[in-house]
Amino acid sequence: MKKMVVGIGVLLCLLLWFSSCGTRIDDTEQPAGTDLLEEEKELVEEGDNYIVVGISQVGSESDWRIACTESLKSTFTQENGYYLIFEDAQQKQENQLKAMRDFILQEVDYIILDPIVETGWDAVLKEAQDAGIPVILVDRQVEVSDESLYTAWVGSDFHSQGVKAGTWLQNYLEEQGRGSEKINIVTLQGTLNSTAQLGRTDGFASVMKNHDNWNMLERKDGDFTQTKGQEVMEEFLDSYSDIDVVVSENDNMTFGAIEAIEKAGKTCGPEGDIIVLSFDAGRAALEAMAEGKINADFECNPNLGPEVSRIIQKLERGCEVDKFQYIEETYFDPTMDLESLIEERTY
Amino acid sequence: MSKGFGSKMKNISDTNLLLAITIVVFFLMYIGAMLFLGEGFLKPQALFNILNANAALIILSCGMSIVMITGGIDISVGGVTALISMCCAVYLDKAGGSVAVSVLIALLIGLGFGLVQGFLVAYLEIQPFIVSLAGMFFARGMTTIVNTEPFNVANEAFVALKNTRIIVPGMGSVNRLGNYVDAYVEIGVIVALLIVVLLFCVLKWTKLGRNLYAVGGNSQSALMLGINVKRTKFIAHLLCGILAGVGGFVYFLHVGSGSPSHASGAEMNAIASSIIGGTMLTGGVGNIIGTFFGVLSLSTIQNIVSSAGLDQAWWTGITVAAMLCLFLVIQSVVMAARKKGNVK
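These protein sequence lines are chains A and B, in that order.
Each residue of the first sequence is one higher than the last, beginning at 1050 in the numbering used here.
Each residue of the second sequence is one higher than the last, beginning at 307 in the numbering used here.
Incorrect hints may appear among the rest.
Quick list of in silico lysine-lysine cross-link-like pairs, DSBU-like style, CA-CA up to 30 Å [unchecked claim]:
| id | chain 1 | residue 1 | chain 2 | residue 2 |
| --- | --- | --- | --- | --- |
| 1 | A | Lys1277 | A | Lys1258 |
| 2 | A | Lys1175 | A | Lys1363 |
| 3 | B | Lys468 | A | Lys1175 |
| 4 | B | Lys468 | A | Lys1269 |
| 5 | A | Lys1141 | A | Lys1175 |
| 6 | A | Lys1258 | A | Lys1231 |
| 7 | A | Lys1175 | A | Lys1231 |
| 8 | A | Lys1141 | B | Lys400 |
| 9 | A | Lys1315 | A | Lys1277 |
| 10 | A | Lys1175 | B | Lys400 |
| 11 | B | Lys468 | A | Lys1141 |
| 12 | A | Lys1175 | A | Lys1372 |
| 13 | A | Lys1122 | A | Lys1363 |
| 14 | A | Lys1372 | A | Lys1122 |
The hints are simulated quantities; they were obtained by calculation from the structure and are not laboratory data.
Throw the hints in and build the complete structure from the sequences for me.
Here is the structure:
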């Protein structure tokens, strides 16, 4: 047994020695001359100059997230000059931290992080900065003591989505000749205090305050889920007999609301009694729109890959990049060619 | 180690043979990764990162191995870890408590689980699987009762402790900016290594250690030899509980947050590590050093999978499954071959 313990010890030492060897060679060669640099240049000339990108994704909890992952994966391909290392954190920050440390160790060129929570990133972002690896955040933001710890952020502008919804409603009502009529509105809010909920509620409210005839009957938390959305909509229908507009802060709640409206014997959509506005614009929602149940849907674009790639290309050329980069987003209503839009939809 | 392996084989006990297999496979795997994947694996910090991320799992697996050596199992350790993280997080963050007391809380929770489960298994003779299944559900449920939302701890003393790094001299490396970065391990790793050494000694050279193997090998004969089987089983579960307490705190120290989904599946990883490390589910065979290498093998294979650019979520599961199969087959083949040899 003693022999065994000694054997293990020797093997472990060998392993550590062997592994530190690799780095020690670099150590001595680097200051010695330009050998290494020339070697690198040769590699570049040979075309082995992929930009190595490490992505730490939150997980695959929603269709939106899956579409976002797809977008990133299809952007950072070898044809586009990238070598991608993708890590799915399965909804755990510890996995994301571990993935980031592995990326730093592997000396990737860029780290793309979709942070699951806002706090607890200071230490690892500092490590990345010390290693000279730019970190680009996507979708969610982080709360750090020093903003320079990350290079850029790419994501949705939820406030502008809300504003778009308000403006669309304003134009639509004018077209219908109801511009000065009293309009009763109810809102199904997303999970309270989530970024999407705050932005969309505020954005819509900023348009609403210009219209005295718009009357917000009630706002209530529908938790971004179909069942909760249906429940809340049923309550609304019970307490208010004359609802003109439903603003639902995501597609899932919209589906619940439509069900509740139909159950109550009312109709919705362009031909119906109630105007339905929705956010996210997933494929299923566009299909519901084609069936005439939703008036307008405001996109939350998961197609973040190309924008992130643009930022990386800029950084590669040594250009400055904007710290906060909002992704381009649009909206859909039945005046458009929904059939072809649905086919193009990635999620 | 390969020199004279064949002739010595018969003199090595089952436990040591399985241990040798584990260690050889681990080194082959790691050296293979260094040769073929290079980059990250060539730095000593890669190994230290594996240790940092798995210090808690090493401790949990040690507890698991002890219980498995007596022929039992404890699937509550993951739940206990989550409960400890949440309780300590709430205590430190919301009640502004001190770190020392939070360590005590962790140990007490672990001890509590060990006492109750040990009593139920040893003295009321309930199946350990069922007892710890209930323990797991209870721990997970309690975690959610304590707090439902995941959150990070901002307590200064704790964060300072969490970010404490023990520099390993001479193992650093130069990054591409030309800066020398020291290699480091976290406090949890030191705790884990101490526990591995301590338990190795306990199992190897103490009466308790021998009793554990005897009870697991054949509890009838152990009883006839005058070993207090019930007490031994009780102690095994108690030890596992306390280790879950220590492991839970080390885990908490590593992640620095409380969440109901923390350490999900940790019990299964601990079982897998123990099995890869040469501990047998049937009891009586096992080694703490093997368990240690079992954990390292398990996470090395995960690192290999992800650095090879494979989509981690399901590839990891599949490779771990393949590895478990491989080890089980190797184990049973080797054991069968030895039995045949003994008969001749």
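Which earlier hints can't be squared with this structure? 4 and 7
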